[in-house]
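Given the sequences, and given the hints that come with them, work out the whole structure.
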Amino acid sequence: MSQHEYRDMLPGHADFTLPKPATPARVNGRRPIPEVPQMNGHADEPPPEPTKPDEQAGPIDVWDQRVAAGLAFLRRRLAGTYAVDDFGFDPELTDAVFHPLLRVLYHDWFRTEVFGIEHVPADGGGLVVGNHSGTLALDALMLSVAIRDQHPAERHLRLLGADLVFRVPFMSELARKSGATVACNPDAERLMSSGQLVGVFPEGFKGIGKRFADRYKLQRFGRGGFVSAALRTGTPIVPVAIVGAEEIYPILADIKPLARLLGVPYFPVTPTFPWLGPLGLVPLPSKWLIQFCPPIPTAHLTDHADDPMVVYNLADQVRETIQATLLELLEKRPDPFGL
Amino acid sequence: MVTSPPRVVVVTGVSRPLGARVAARLAADPRIERVVGLDPHEPPPALQADLAEVELIRADARAAVGAFIDLGAEAVVHMAVSSAPDAQRGGRQAMKEQNVIGTMQLLAAAQATPHLRKLVVRSSTAAYGASFRDPAVFTEDTEPRAVPRGSFARDILDIEGYVRGFRRRRPDVPATVLRFAPFIGSAAHTTLTRLFAQPFVPTVFGRDARLQFVHVDDALEVLHRSVIEDHPGTFNVAGAGVLALSQAVRRAGRVALPLPEGTFSAVLGMARSLGIGQIGLDQVDLFVHGRVVDTTRLVNEFGFAPRTTAEAFDDFIAAHANGSSLTAARLEAAEKAILDGIRRVRATAADEKASVGGDAP
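The listed protein sequences correspond, in order, to chains A and B. Numbers 1 to 339, taken from my numbering, label the letters of the first sequence in order. Numbers 1001 to 1361, taken from my numbering, label the letters of the second sequence in order.
In case anyone wonders, no lab produced these hints; they're calculated from the structure. Zero decoy hints are in this set.
Output of the computed footprint for chain A on chain B, the stretches with three or more beta carbons under 8 angstroms from beta carbons of chain A: (1) 1130–1140; (2) 1207–1218; (3) 1336–1347.
Label-pair restraints from in silico Cβ distances: (4) B:His1041 / A:Gly195: 47 to 55 angstroms; (5) B:Gly1206 / A:Leu136: 16 to 24 angstroms; (6) A:Val264 / B:Pro1260: 17 to 25 angstroms.
Note that the Cβ used here is the ideal one computed from N, Cα and C, for glycine as well.
Here it is as structure tokens:
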């Protein structure tokens, strides 16, 4: 049982059931986790013999392997022998550096639970459309970790970001290396037609910059450019509802003149920011639920990509689905900061 | 459509390495009877060997009208497009004169040539400009969002504008515009290759541009094919794949020197005024935004895929190994040494522990 599976079995998980006795598989180097759940003080089965490491090969030296792997990684990075795709996506760096860091937030801080992961296509293109919230776009990052970790095909989510992200030095390169690109139709269509899973948040800054009082109220979906991109490539649309991001930095007020001065879409005032300085950047530990909805096929509508009525109706359908799912999820999670 | 190859080909810009190599290559093709090089400058001695088979006319584009008709030119390959100002040849003023006015006069002459059957123009992917709002990959149909800052990019836009005018007025002449990515290869000498040949490569702080290169030999192959065969239209010519600037610097074994964007421009401007380098705003924009193009149209139409960006760059590194400090071999040796060191230390520690444990009662 991995740590992650174990965590999911703890009370507080929305789908909590009493754990079944699992056949233990001792993984070398893992922190000891109760292999057989000792419910009410007795185990159902006697613990089996721990599997002995191969006598011929000798005991596997985990630390030696780790050090060797780490050094090989460093050498590859320093020699430049890794692959970057046309969009600047660096899968090795993403898997080895970005995702492990985000996973700490994902598991331990936000205690994220994912439902309906089977609705995300296992191969071929897909357009994941979500609700946007949380002042900083942490929901996009958590969504990409969720799909990478929970999906059986371990897919990478290619996010579409606002141009502001790509204007700022450093942030632009972090975004590109983690697989994001500018939200524009040519890029979205190129990614989808090459069979990638694309993530988009049509609310944009209207979504993440809204007041705490408006939480879980979907904002306008723009012109529905994401729908026409999906229609043109015949890519299924997977609506996803993310609950939890609204509470991480609750925006109490927005200082518009300061935002204009800094050239950003909003200047948030939260209970901790800017009062506590950099400490205000620590997100509040809300409980996150992510629900993927059944995919909406678009392959039969390829000819209607320029029909504003079809595009608008489909965008509306996606919006309604997300809004309804959000309300369902909120009922599953009565306490925003509960376990 | 494959027609017979043109008998008389005029190549402009033969006093520069690329123009000279194109002319030499066409002259070596038995299907072409006559290759004439048109250039106002005398080719440097290093290129004379290449141009042995090429007739040379020392004249600028103004003389082209008479020359084209006298020669009975059937194809014109316009290579006299320079990407950086050359201090020895009059700097930026002369560069613009040659690029823009030269192209205008040359196309006017080509338009007036009755037997002309083909026009091939060297362009550049700089035609797409540079902006953070741009799509990640440019196709031939992408329009630049704004007039670029770089002088070369602006010249390229003007040149392509003149070619559009030519296509309108002479629809019977198939015009091929080749938008080349920056050239690289063991024999390439451009602003960028000079930059990568130094031990320290200045980069822009917080930016890691995606770069694409085309190998000079592949560029020549594409140029050759567009003269011999008919491929009207505009084509991106680049090696598939992408190298991030930081990755390219590391692969070359060089050390990156990140400078803030303002300082980067200032340092390059200072170097330019001292006559050390010719790095202009074109390179700054390339290093900030990067540029990646789609070559599907080229591969489908020409039936030829240039070697990938990484392969082309490796060829360049192999020829410029002496400036590199962090080579792959040295890194591998360092990795092995560190790993062995750690293993030794751990083994000693384990031995000591075992001996201490053994002594205990």
